[in-house]
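Number of protein chains: 2
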Amino acid sequence: MEISELQTTLRRTYYQRDAKRGGDATFRWMTEEVGELAKALRHGDHDELVHEFSDVLAWLASLANLTGVDLEEAAARYAHGCPKCGHAPCVCDFAR
Amino acid sequence: MEISELQTTLRRTYYQRDAKRGGDATFRWMTEEVGELAKALRHGDHDELVHEFSDVLAWLASLANLTGVDLEEAAARYAHGCPKCGHAPCVCDFAR
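If you read the protein sequences in the order shown, they are chains Z and B. Here the numbering used here is used: the first residue of the first sequence is 1, the next is one more, and so on. Here the numbering used here is used: the first residue of the second sequence is 1, the next is one more, and so on.
Honestly, I wouldn't trust all of these hints.
Pairs count within a copy or across copies, as identical chains cannot be separated in the list.
[To be verified] Each computed DSS-like pair below joins lysine-lysine, with the alpha-carbon atoms no more than 25 Å apart:
{"#": "1", "residue 1": "K84", "residue 2": "K20"}
{"#": "2", "residue 1": "K20", "residue 2": "K39"}
{"#": "3", "residue 1": "K84", "residue 2": "K39"}
I should point out that these hints are in silico values taken from the structure, not numbers from a laboratory.
Bound conformation, chain Z alone (with noise of 0.2 Å):
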């Protein structure tokens, strides 16, 4: 699936209920899906993991619609490799 087709089916899903909750709140469940994540990390199975990217994906969409963002342009920057040294895999001397 394309980052942008994944996008535009959010927009298509959720805007609307998106939009009437605004930004911030809109964050905050995104938050909580990583709160989930974090648990399902702790002692989820494969199928309960899967299914947490999934949820702060869905989310992290429909913030970067709220806040028009487009998650191609944003998945761009690491298209070749990292995005401080050039490289991949990345060569960068620091702690990362």
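Given the coordinates of chain Z, assemble chain B onto it according to the supplied hints.
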């Protein structure tokens, strides 16, 4: 860009570092980026916002690589609308 392409590129770029650092520290980094996203939402310009969405996406993919999650599989859950009600737009009758 396909979601799988992004995940593969991030694997090629960072997996060695990610594996050395481990899942918990990678989760911590991702959460740090979520915080930077919050800051950019508060006062960043558009480019900063794109940058932070970019970093959250990248760290989410790093974490997916470390935990054996296929982000295409994760994204597929939202491919046809709301995974709960099955519709786009969502017609779920509860607060979201």
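Right, here's what the structure says about each hint:
Proximity of K84 and K20 under a CA criterion of 25 Å is satisfied inter-copy only: 20 Å between copies versus 37 Å inside one chain copy. For a Cα distance limit of 25 Å, the shortest separation of K20 from K39 across copies, 22 Å, qualifies, whereas the shortest one inside one copy, 29 Å, does not. Taking the closest pair of Cα atoms, K84 and K39 come within 25 Å of each other only across two copies (21 Å); inside a single copy the shortest separation is 31 Å, beyond that limit.
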